Amino acid sequence: MMKTKIKFIDLGTHYKSIRGEILEKFDEISSRGDYILTEELEKFEKNISNYCGTKYAAGVGNCIATAGAIVASGARPVFADVRNDYNIDPEIIEKTITKKTKAIIPVHLTGRSADMTKIMEIAQKRGLAVIEDAAQSIGAGYKNKRVGSFGIAGCFSLHPLKNLHAHGDGGLITTSDDAFYEKLLKLRNHGLKNRDECELWGYNSRLDAIQAAIGNIKMKYIDKWAQRRREIASMYKESLAEFAEMPEDKEYEEPVYHTFVIQSDNRDELRRYLAERGIETKIHYPIPIHLQQPAKALGYKKGDFPAAEAQAKKILSLPIYPELSNKQVEEVINGVKSFYIGTHRNNSLF
Amino acid sequence: MGSGTDALFLSLKALGIKEGDEVITTPYTFFATIGAIATAGAKPVFADIGEDYNINADLIEQCVTDKTKAILPVHWAGLSCDMYKIMNIAEKYSLHVVEDACHALNAKYKGKSPGTFGIAGCFSLHPLKNLNVWGDGGFVVTDSQEMHDKLVLLRNHGLINRDECALYGYNSRLDSIHAIVANHLLKKLDHITNSRIGNAKFFDKELAKIPGISVPPRDSSIKQVFHIYVVRAKNRDKLQRYLVQNGIDAKVHYPIPMHLQPAARELNYKEGDFPAAETTCKSIISLPVHEFITREQQEYIIKKIRGFYDEN
Chain Y
1 MMKTKIKFID LGTHYKSIRG EILEKFDEIS SRGDYILTEE LEKFEKNISN
51 YCGTKYAAGV GNCIATAGAI VASGARPVFA DVRNDYNIDP EIIEKTITKK
101 TKAIIPVHLT GRSADMTKIM EIAQKRGLAV IEDAAQSIGA GYKNKRVGSF
151 GIAGCFSLHP LKNLHAHGDG GLITTSDDAF YEKLLKLRNH GLKNRDECEL
201 WGYNSRLDAI QAAIGNIKMK YIDKWAQRRR EIASMYKESL AEFAEMPEDK
251 EYEEPVYHTF VIQSDNRDEL RRYLAERGIE TKIHYPIPIH LQQPAKALGY
301 KKGDFPAAEA QAKKILSLPI YPELSNKQVE EVINGVKSFY IGTHRNNSLF
Chain G
1 MGSGTDALFL SLKALGIKEG DEVITTPYTF FATIGAIATA GAKPVFADIG
51 EDYNINADLI EQCVTDKTKA ILPVHWAGLS CDMYKIMNIA EKYSLHVVED
101 ACHALNAKYK GKSPGTFGIA GCFSLHPLKN LNVWGDGGFV VTDSQEMHDK
151 LVLLRNHGLI NRDECALYGY NSRLDSIHAI VANHLLKKLD HITNSRIGNA
201 KFFDKELAKI PGISVPPRDS SIKQVFHIYV VRAKNRDKLQ RYLVQNGIDA
251 KVHYPIPMHL QPAARELNYK EGDFPAAETT CKSIISLPVH EFITREQQEY
301 IIKKIRGFYD EN
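From first to last, the protein sequence lines stand for chains Y and G. Taking the numbering used here, the leading residue of the first sequence gets 1, the next gets one more, and so forth. Taking the numbering used here, the leading residue of the second sequence gets 1, the next gets one more, and so forth.
Bear in mind the hints are in silico, worked out from the structure with no lab data behind them. Owing to the predicted nature of the structure, the values given are computational and were not obtained by experimental measurement. A virtual CB, placed ideally from N, CA and C, is assigned to each residue, including glycine. Fair warning: there could be bad hints in the mix.
Claimed, not checked - Here's a subset of chain G near chain Y, in silico, CB distances under 8 Å, partners left out:
id, residue
1, Ile34
2, Gly158
3, Asp163
4, Ala166
5, Asp175
6, Ile256
What the hints assert, rightly or not - Per the computed footprint, the stretches of chain G lying under chain Y, defined by three or more beta-carbons under 8 Å from a beta-carbon of chain Y, are:
id, region
7, 4 to 14
8, 57 to 63
9, 77 to 89
10, 176 to 187
To be verified - Only some residues are given here: those of chain Y computed to face chain G with a beta carbon under 8 Å:
id, residue
11, Glu197
12, Asn204
13, Asp208
Let's have the full structure, built from the sequences with the hints guiding it.
Laid out in structure tokens, this is it:
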């Protein structure tokens, strides 16, 4: 196999684009020795709450994956199938609500907002809390509001693979609810109301000052980077729509394309073909959550969520990140095209 | 792990500790110890401390009930608990031992390191620790393959590989940047430890001469690494204020024991339940003992303390 020419994601190049700024800040913080719950974090939280359109944001140490977070908090995850944008289908949500339902967690997958008006209507009607999993979608718009500003809480990840990322694990929670915010601040810091008094037994989940500083630097570029992602998405869509199923932006949304996911009946072959040409792709993800081992105990089985299952077999994520040059995008496009047009497709099994 | 707190929490989770279980620990510790037990779903049950500020092993047995699943000793201030006694009790009642060794990296107890007695030894890399990183961080040591494998799953979403999940887990990973810092500092750990021990010895010798200060008994067969240097002081609050006014970063770790915290209200403890811990919290003071402090600075601190008691 050929050496990778086009990486699926290129964090090194990304870093180099803002290296000077980061090193300077890093040196400043480290020389002060000011690492935990600092002004730098407060500044980042302010930046994020302004950006997302919420009253508050709280930095936390990480982002536990959706189903894991539900189970970790002691609840039972109940799944509703997805639409063609890979996001939860509001029409199906209502059918899954029982007396025990306490919350809806829509995931804004791939950098695209779930259909929040409908979801908020259902939540309101049934008295449920909405916690948005916006881990992949910082900055994504829905009817001129940003994701993370609809529910009581918007949860973001700063994991290195995310559009806005730190140099390690990190996360953020946005909210406009005073009591909720106060509780979060305590829970992330051992339940402390001051240095010596603990109001409730809590956790330790704090965003390091260094990570917050990196976040602050990147806030200057976040919209520019999102714009570049949309440009790349447009290039892919214009050239490849006749070959594979492309994401179609809904009229209500402004996507940030954390991933660019196409669907192909020959997904695995296409992926191998591109890999042979040095083009790295990924599958997000080949096995839906309800078919993972721990979901067996929840009583789910194959066939329960046909849309998610069908997508899992066909989806392929193409490289998309701000540092990708037009030439590289062209190369990916040509790779996909030649797979479909060329004779290779028929011979590819040999 | 993402922190020392998570090291404790995930160790308890890996052992299957859950709601309805009880974990015996000390009322004189940092909040994270109790937070880890409580957030794992279990009930913390306290046994009072001894002269050395650590859990009094002789008081543990009477706390054991049908619901007890583990003992969680805390090696406070870098001094090991009486681990042989604790391990015997654990064996007798088939209890797990998870050690809170967040203060005690590089310490020794009769030739063995705290953190290596129980099924899991939990350490913190918080910026204030002897071995510290540039943010929150922690780790667990264990000799159990099963414990190790479970921890590796739990800290990373329960993933066996990129695409398959074996159990619902958490996200608590030590960042590479922090690991690089820790690896670098590890080479200096002996130097850091020895500096702290040297500084503590100097304080011990000089402070013993001051009537208002009571230095805890030291056992020369135990290597204490002095994450913090704690003595008992008469008129503590006034002394602390006086030292701070004189530019000395004197602290109290901590003024309120765990059973009297607002968070403990549901555990139904009251004042008087753990007299040793309560007296300790009222009288202790921590003096700077880190590796960068100079003899002159220490002498200044001692002079100020002496001066304080001459006047008070």
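Now for the hints, and whether the structure bears them out:
no. : hint       : verdict
1   : Ile34      : holds, 6 Å
2   : Gly158     : holds, 6 Å
3   : Asp163     : holds, 5 Å
4   : Ala166     : holds, 5 Å
5   : Asp175     : holds, 3 Å
6   : Ile256     : holds, 6 Å
7   : 4 to 14    : holds (count 4)
8   : 57 to 63   : violated (count 0)
9   : 77 to 89   : violated (count 0)
10  : 176 to 187 : holds (count 3)
11  : Glu197     : holds, 6 Å
12  : Asn204     : holds, 4 Å
13  : Asp208     : holds, 3 Å
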